[in-house]
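Chains as they are written, first to last, in the working numbering: chain G, 1 to 364; chain E, 1 to 548; chain L, 1 to 321.
The hints are simulated quantities; they were obtained by calculation from the structure and are not laboratory data. These numbers were taken from a predicted model, which means no experiment stands behind them. Be careful, since some hints might not be right.
[As the list claims (entries may be wrong)] In silico lysine to aspartate or glutamate, EDC-like type, Cα no more than 20 Å apart, as pairs:
no., chain 1, residue 1, chain 2, residue 2
1, E, K68, E, D58
2, E, K283, E, E259
3, L, K232, G, E282
4, L, K319, E, E93
5, E, K56, E, D23
6, E, K22, E, D58
7, E, K482, E, E259
8, G, K198, G, E187
9, L, K319, E, E70
10, G, K45, G, E195
11, E, K283, E, E261
12, E, K283, E, D255
13, G, K45, G, E34
14, E, K248, E, D453
15, G, K198, G, E274
16, G, K135, E, E309
17, E, K482, E, D276
18, G, K135, E, D327
19, E, K319, E, D425
20, E, K123, E, D134
21, L, K319, E, D58
22, L, K319, E, D73
23, E, K248, E, E442
24, G, K135, E, D329
25, L, K250, E, E93
26, L, K319, E, D166
27, E, K56, E, D73
28, L, K250, E, E140
29, E, K22, E, E61
30, E, K56, E, E70
What follows is each chain in one-letter form.
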Amino acid sequence: MERMPSWADALLVPLISLLLAAFISALVIVAIGEDPLAAVVLMVKGSLGSTYGWGYTLYYATNFMFTGLAVAVAFHARMFNIGGEGQAIVGGLGVALVCLYLPLPHWTVALLVATLGAAAFGAAWALIPAWLQAKRGSHIVITTIMFNFIAASLLNYMLVNVLRPPRAQDPATARFPEATNLPTLHELLAPLGIEFSKAAPANVTLILALLACLLVWLLIWRTRLGYEIRAFGHSSTAARYAGINPVRITVLTMLVSGGLAGMMALNTTMGEAERLMLNSVEGAGFIGIAVALMGRSHPLGVLMAAILFGFLYQGGAELALWTSIPRELIVVIQALVILFTGALDNMVRMPLERLFLATRRKKG
Amino acid sequence: MTVPAIELIGISKSFGPVQANKDIAIRVERGTIHGIIGENGAGKSTLMSILYGFYKADAGEVFISGQKTEIPDSQAAIAAGIGMVFQHFKLVENFTVLENVVLGAEDGRLLRPSLAKARRELKALADDYGLNVDPDAVIETIGVGQQQRVEILKALYRQADILILDEPTGVLTPAEADQLFRILGRLRDEGKTIILITHKLREIMEITDSVSVMRRGQMIATVKTADTTPTELAELMVGRKVLLRVDKTPARPGDPVLEIEGLSVTDSAGVARLNDVSLTLRKGEILGLAGVAGNGQSELLEVLGGMREGRGTVRLNGKPLALSGPDADGQARRAAGIGHVPEDRQREGLVMPYSAWENSIFGYHRDSRWQNGPLMDNASITANAREQMERFDVRPPDPTLAARNFSGGNQQKIVVAREIDQGPDLLLIGQPTRGVDIGAIEFIHQQIIALRDQGKAILLVSVELDEILSLSDRVAVMFDGKIMGEGPADSATQSGLGGLMAGLAGDDTQAMANWTLSADATRQVGTPSVEKIEAQLAEKHADASKEV
Amino acid sequence: MDFTTALQILDSTVRLSTPLLLACLAGLFSERSGIFDIGLEGKMLMAAFISAAFAFTTGSVWLGMLAAIVASMALSALHGLASITFRGNQLISGVAINFLAAGLTVLIAQNWFGLGGRTPSLETGARFESLTLPLADSLAGVPVLGPIYAELISGHTLPVYFAFACVPATWWVLYRTRFGLRLRAVGENPAAVDTAGVSVIGMRYAAVAICGLLCGIAGAYLATALQAGFIKDMTAGRGYIALAALIFAKWRPWYALVSCLLFGFLQAVALRYQNIELGPITLPGQFMDALPYILTVVILAGFVGRAIPPRAGGEPYVKER
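Given these sequences and hints, build the entire structure.
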């Protein structure tokens, strides 16, 4: 018997968790002497009130879609890929190498090749932890954390010692060739007669991210591999009965996950900075955890959660600009979302299940 | 009548929808060894876990030495003088024997004095009862027999008067079991009360003073061991429920489909689970594997289904099957034409959160029939599932419902429908009707017979003797990983099979016409008596010690 | 490299190893009880900020330390609530705590001090001063041993000595007391502890509390001894390095000392030199930064002496099926 209807599980539990997180965040805002309601108004205005705001919101959301999908795919196989950060960093290296060293005539070709580069580098960075998990039983959470730090050092080394142009001061690559620069939403929408802010960084990668949501949905719910991934995640004993190879599933899932995380770099390096910088990922890999948890590992949920976090990011920047609330408020909200939707899930779920059982008994 | 050491009244316990204990009452006299026998899943371990405060009973009362006692946790059980040796030992593997004994029963905050005291007491206990264990040995480096002694020592160190042992010989060699029984005898003579939970008839006959039989969560009978026979107990355990009539014509066996020669399986702990098993199964026949649960039937199904590796030769339609390596998985078995209804449908046969339609292709999901380009053809899978569910009378016939929302019987029908619909040459089917309601049982039986009548071969494993007898054309009995005997179902009798299931060929067994009995079983003929069993055990122990 | 430089690097090793050691031992208590804790970083960070804030406000380093311990233990309680009481995912809880600390520290720092997420510099009295051990000055002149005593052993702050004293203390608690026996047992086989009549939940909460205590001291050390004040993100991954050191140490106290000294040494070297010249090969500084993590992966992979975590680690204890 079902303890709770599925709509409650998919919507009510995350919603209550989100409300709890929002409530505590409001308390935090009150505690630092600001008005939470005014803060919300300011955030909405700043992130959704103009195409400039939207441009930033969607830019951030693009990052979080990729990293959120990466975590979500791994969750389906009951693996916790905490290494999205490192995989995105290494994916950035892939993008930079492709853009700097391959002769690319047009941004369409550049995007295609750079996507392959980003995905391949990200996937490669996930491969070792995946293989170690599947073959040697090394805990993937710990290995992917370690790989995050190794990736940061690797990037630092590559930028400082290898890719930095001569006489340049800051650790970053040279600007990518003009031909690889991606069109922004402004440029994409102008021919359609739609005015969109010129200054906002949202770009064509957003469409790629939406496409990735669709493809991940197809992968998980419409392909054989997705079928096996979910079966393995739900029950490894049943997977053994069905002849599903655990090593194969572990490795393939992590390759997909790492590839998605790596593709996040397209947005920040090719789409925005147009060169690879030290801080190109800036925690987006970790936000993917919150996004996947809140989106219940479903691409549609991830999409919505990513936009929510995009809104929080842009809104948070506005808050920092106009009030005494620093940007770190967003990190707090992110932590609370992870806490309530992830770790304290049972705290919300158990009373709710009891409630549903009680009402059903009354009816019955 | 003296005051009993333990009296339980009206104990009930449910795990979710499963009722593990129903209104159990039992009296255990002081200074006796009391056996509790029943098949796996009969509720024995649950009952004893309640007595030890490990689980909380939903209802019922516990009296220890005539005193009503509440046992909310293990601490209370220990205080009431109860010690328990669990089937899966509760030992800290990387601790020494001494540390395990002392854990939770320390004297004071510092360890050294406690350990020193325990060391002295262990020596005394070793001298008193023959419980010799090196106190400084680390648990994971000593054998299971030794580990079990540590569990007994733990209980005795805590001044236990009542000792519960849950399936203590499951992991022991015959020689170790014999030693254990000698120790238990000594403990009884010292006035301790011992409860022995087992599904092995021989142990009950060998060591206990009285015995209670449990079946499906209920207490069926309590008798003096001297007044009963293994055969009677076997029947009580398995139950003589209303014989389900299955209409079937006589089998017309054709060419061999499955040929097993010298198949052996050793589990990860190094214990032999299957020992040189040979069987042949022909087209158009149902072979039933009878036996008390845990005697190798599950392992045989798992090897054939590609879930476990084995050694030996297995041929399907004349072609050998890989028994190890990458080609020994479920996919390869399905491709070869083997369908498999696993014993545990919830953990193996179904993915519980998956919908019925997703489950309807589980294991066959790589079939090109379900592919539409790079994607799975969900519409046609669903349509097929819907049609299948109607044909197999799955209720409700809603393919979008998750498997966990169906009743046990309907879950089983989903699995059976899937496996039968592939038209396998050989169908492996384990516990087809466990936890299934009467109506569904009949339906599933009809389907199995219809498959046989199409000329397919079926290997049936069931702990329900009735089911074996009513469905099978031929029956083989397994005991201790070996085939004890094999013959036509028509001439098999409950009592004759009961003896074989205990590893013995008594008069009733000998009377079964056209049966082939293994040398292991026929070594002992005549009505099995305690003396003869003991004699046979002694012989086995002699063999075992020779091997050592 | 001359003697003085070597001494300086070793001296710096001791100072940099201290927070690692405290956090590592904190993780040891938690993980030995079966509760994985990747929130060491967050607890340290929170403690670092709170200690600096309170030390600055009250002018007393001890009140700062006390407040830090309280704050860190509060986060531990949260981790316990999620992973012991509500049987949630311990890893996700740890991640949440790290972010919570990263966000809250800056948020509160900005609100209290308005310095962009840091505290003002701490004056004397509000931070730990170096202690000079007896005779250090007079023995400094003795060749070799004198400077070693005066520079390397003497002249550290109190938490440094405390951290190093924690190693034998942890060993003693773990292997010589009833508490230690039960703690080790509950991380290996909670069912054994439960059937022996000891509360699994109680033991685990106790372990998590000790973890909070030690993380609190580690964080306070960062802000009031190693440096004079809190700056944003000042733990800089030390919680994760401590975690790596714990795995490297195979969850044992003396090994923890060795691995923390090793990782501290790597930090000290990376801090002093851009690149390390080893004959024909030049190791970049970034390689030194990454080395603790690389070594940990190698250990985890089991190619060089397998690290086996406490068997019940990461799993909530559920008695009934």
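The hints, checked one at a time:
Distance check on the hinted pair: E/K68 and E/D58 sit about 16 Å apart at the alpha-carbon level, within 20 Å; holds. A hinted pair counts as satisfied when its Cα atoms are at most 20 Å apart, and E/K283 with E/E259 qualifies at roughly 12 Å. For the given pair, L/K232 sits about 15 Å from G/E282 by alpha-carbon distance, which is consistent with the 20 Å threshold. For the hint pairing L/K319 with E/E93, the CA-to-CA distance comes to about 19 Å; that is within 20 Å, so the pair holds.
Restraint check: the Cα-Cα separation between E/K56 and E/D23 comes to about 14 Å, which is no more than 20 Å; the hinted pair holds. Distance hint between E/K22 and E/D58 is fulfilled; the C-alpha atoms sit about 10 Å from each other, no more than 20 Å. For the hint linking E/K482 to E/E259, the alpha-carbon distance of about 16 Å falls within 20 Å, and the restraint holds. Between the alpha carbons of G/K198 and G/E187 the distance comes to roughly 8 Å, so the proposed pair stays at or under 20 Å and holds.
Pair hint L/K319 plus E/E70 holds up; C-alpha atoms about 19 Å apart against a cutoff of 20 Å. A C-alpha spacing of about 18 Å is found between G/K45 and G/E195, which places the hinted pair at or below 20 Å, so the restraint holds. Taking the CA atoms of E/K283 and E/E261, the gap is about 18 Å. The hint holds against a cut of 20 Å. The hinted pair formed by E/K283 and E/D255 meets the criterion: a straight-line CA distance of about 6 Å does not exceed 20 Å.
Distance hint between G/K45 and G/E34 is fulfilled; the C-alpha atoms sit about 17 Å from each other, no more than 20 Å. A hinted pair counts as satisfied when its Cα atoms are at most 20 Å apart, and E/K248 with E/D453 qualifies at roughly 9 Å. Taken as a hint, the G/K198 and G/E274 pair is honoured in the structure, with Cα atoms around 16 Å apart against an allowance of 20 Å. Pair hint G/K135 plus E/E309 holds up; C-alpha atoms about 18 Å apart against a cutoff of 20 Å.
This hinted pair checks out: E/K482 and E/D276 have alpha carbons roughly 7 Å apart, not beyond 20 Å. For the proposed pair G/K135 and E/D327, the alpha carbon gap of about 18 Å is at most 20 Å, so the pair holds. Between E/K319 and E/D425 the alpha-carbon distance is near 13 Å, which keeps this suggested pair within the 20 Å criterion. Only pairs whose Cα atoms come within 20 Å are accepted, and E/K123 paired with E/D134 is accepted, the gap being roughly 10 Å.
Annotation: proposed proximity of L/K319 to E/D58 holds, straight-line Cα distance about 16 Å (limit 20 Å). Straight-line distance between C-alpha atoms of L/K319 and E/D73 comes to about 11 Å, which keeps the hinted pair within the 20 Å bound. Distance hint between E/K248 and E/E442 is fulfilled; the C-alpha atoms sit about 12 Å from each other, no more than 20 Å. Proposed proximity of G/K135 and E/D329 is supported: the alpha carbons are some 18 Å apart, at most 20 Å.
About 16 Å separates the Cα atoms of L/K250 and E/E93, which keeps this hinted pair within 20 Å; it holds. A distance of roughly 17 Å separates the Cα atoms of L/K319 and E/D166; the hinted pair therefore holds under the 20 Å criterion. As the CA atoms of E/K56 and E/D73 are separated by approximately 8 Å, the hinted pair is consistent with the 20 Å bound. Distance restraint check for L/K250 and E/E140: the Cα-Cα separation of roughly 18 Å lies within the 20 Å cut-off, and the hinted pair is therefore satisfied.
Between E/K22 and E/E61, the direct Cα distance comes to roughly 13 Å. Compliance with the 20 Å bound is thereby established for this hinted pair. For the hint pairing E/K56 with E/E70, the CA-to-CA distance comes to about 10 Å; that is within 20 Å, so the pair holds.
Hint violations for this structure: none, all hints satisfied.
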